[in-house]
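Peer 1: The residues making up each chain are set out below.
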Amino acid sequence: MKMHSDGIVTALVLEKGEPVHESIIRASRELEIPGAFVTGIGALKEACIGYFQLESKSYKEVTLEGLAELLALNGDITWKGDEPFVHLHAVLGLEDGSVTGGHLVRAVIGVTGEIFIHKTGKRLERAINEEFGLMLMT
Amino acid sequence: MKMHSDGIVTALVLEKGEPVHESIIRASRELEIPGAFVTGIGALKEACIGYFQLESKSYKEVTLEGLAELLALNGDITWKGDEPFVHLHAVLGLEDGSVTGGHLVRAVIGVTGEIFIHKTGKRLERAINEEFGLMLMT
Amino acid sequence: MKMHSDGIVTALVLEKGEPVHESIIRASRELEIPGAFVTGIGALKEACIGYFQLESKSYKEVTLEGLAELLALNGDITWKGDEPFVHLHAVLGLEDGSVTGGHLVRAVIGVTGEIFIHKTGKRLERAINEEFGLMLMT
Chain P
1 MKMHSDGIVT ALVLEKGEPV HESIIRASRE LEIPGAFVTG IGALKEACIG YFQLESKSYK
61 EVTLEGLAEL LALNGDITWK GDEPFVHLHA VLGLEDGSVT GGHLVRAVIG VTGEIFIHKT
121 GKRLERAINE EFGLMLMT
Chain U
1 MKMHSDGIVT ALVLEKGEPV HESIIRASRE LEIPGAFVTG IGALKEACIG YFQLESKSYK
61 EVTLEGLAEL LALNGDITWK GDEPFVHLHA VLGLEDGSVT GGHLVRAVIG VTGEIFIHKT
121 GKRLERAINE EFGLMLMT
Chain Y
1 MKMHSDGIVT ALVLEKGEPV HESIIRASRE LEIPGAFVTG IGALKEACIG YFQLESKSYK
61 EVTLEGLAEL LALNGDITWK GDEPFVHLHA VLGLEDGSVT GGHLVRAVIG VTGEIFIHKT
121 GKRLERAINE EFGLMLMT
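Chains as they are written, first to last, in our numbering: chain P, 1 to 138; chain U, 1 to 138; chain Y, 1 to 138.
No wet-lab data here; the hints were simulated from the structure.
Any given hint could turn out to be false.
Because identical chains share one entry, a pair is satisfied inside a single copy or across any pair of copies.
In silico PhoX-like pairs for lysine-lysine, Cα to Cα no more than 20 Å straight-line [said to hold, decoys possible]:
#1 Lys60 to Lys45
#2 Lys122 to Lys16
#3 Lys122 to Lys45
#4 Lys57 to Lys16
#5 Lys45 to Lys57
#6 Lys122 to Lys57
#7 Lys16 to Lys2
#8 Lys80 to Lys45
#9 Lys45 to Lys16
#10 Lys2 to Lys122
#11 Lys60 to Lys122
#12 Lys80 to Lys122
#13 Lys57 to Lys2
#14 Lys60 to Lys2
#15 Lys60 to Lys80
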């Protein structure tokens, strides 16, 4: 994991085998980020994606085998008390040209991760939403 | 609708039932945004997506039933005279792992909308393009 | 190609027939961009997308016929010595509602390109990675 930060925007370069969420959380702590939006591209492996189900208030999860092009990573960094919380959605491209995606539950870098963290001046927070049983941005 | 703005970047937090375009237009007016790019994630319902057809110079529209994960929201805020104009494209994830998307004609928040508006210092404008019959950025 | 720059964010407006990569490279030179992340939407034609194959260390490429909605363009501008290097991934929407995408090898604007280049203060660079035979961000 390498970070190139100008104080507002940080290019986070991840290498094969590095975990996506944990790396962004580590960067959040080191850079003391009050809040941020995140974008990125690259190639993942062992990507677990989720689809939220209203009835069960839980994610239906699927883990992909093999390499997937990370076509679009979008999300944000917020705080849940004194813990950084990373919320990411991913669009993934597969070898046959098909595309899948969802809430990114977890993933490991397959080739490279080129992730950009754009800090906000305002602290962004989450709290439990009782209707959905989810930590939503407040 | 809640807004957390540092003067450049605004985190726009939308709740279930709030309309996407109208909420961003309201934020554009309140924040006096001369132009912006927009990114975001969340979950939508009643999403109407369009595909532009060259022959008819119009959008072929499809409205999705039920909840869709908003995997990637991208677009911008520009001005059409004294009216803010929000142009959005969306990538949507469905329960079976499939992905669809298009020009986002309209949509309502299904669970949450975590939308980031990054202001530009320059005013961005649109005008009618005669070849396509579309309001294009100038 | 028109550019509206406030010194940090540039709105790059591309017209029908303009090439995506070459236009961003030209903007990178004119704006003397040390590094940037890129997002955008629009409609492309003649889009060539690639999927990286670990075995052959090369991209399996497919060129799309006709118009495709550019649902999400994500990537970055870095430097390879004294040459700007544009790395883009695209999610594309087709007329039947299906979605495809991949590493964007090349593409021409089909209707319009609304591309945002957000400069980083830090210079971002690439170098060859021997394991993958790819120019990766360092």
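Peer 1: Against this structure, judge whether each hint is valid.
Peer 2: The hints, checked one at a time:
{"no.": "1", "hint": "Lys60 to Lys45", "in the structure": "both (19 Å within a copy, 18 Å between copies)"}
{"no.": "2", "hint": "Lys122 to Lys16", "in the structure": "neither (33 Å within a copy, 23 Å between copies)"}
{"no.": "3", "hint": "Lys122 to Lys45", "in the structure": "neither (33 Å within a copy, 29 Å between copies)"}
{"no.": "4", "hint": "Lys57 to Lys16", "in the structure": "between (33 Å within a copy, 15 Å between copies)"}
{"no.": "5", "hint": "Lys45 to Lys57", "in the structure": "between (27 Å within a copy, 16 Å between copies)"}
{"no.": "6", "hint": "Lys122 to Lys57", "in the structure": "neither (30 Å within a copy, 42 Å between copies)"}
{"no.": "7", "hint": "Lys16 to Lys2", "in the structure": "within (12 Å within a copy, 38 Å between copies)"}
{"no.": "8", "hint": "Lys80 to Lys45", "in the structure": "neither (28 Å within a copy, 27 Å between copies)"}
{"no.": "9", "hint": "Lys45 to Lys16", "in the structure": "within (9 Å within a copy, 33 Å between copies)"}
{"no.": "10", "hint": "Lys2 to Lys122", "in the structure": "between (25 Å within a copy, 13 Å between copies)"}
{"no.": "11", "hint": "Lys60 to Lys122", "in the structure": "neither (33 Å within a copy, 40 Å between copies)"}
{"no.": "12", "hint": "Lys80 to Lys122", "in the structure": "within (15 Å within a copy, 30 Å between copies)"}
{"no.": "13", "hint": "Lys57 to Lys2", "in the structure": "neither (36 Å within a copy, 24 Å between copies)"}
{"no.": "14", "hint": "Lys60 to Lys2", "in the structure": "neither (33 Å within a copy, 29 Å between copies)"}
{"no.": "15", "hint": "Lys60 to Lys80", "in the structure": "neither (23 Å within a copy, 42 Å between copies)"}
Consistency with the previously given hints fails for numbers 2, 3, 6, 8, 11, 13, 14, 15, ordered from lowest to highest.
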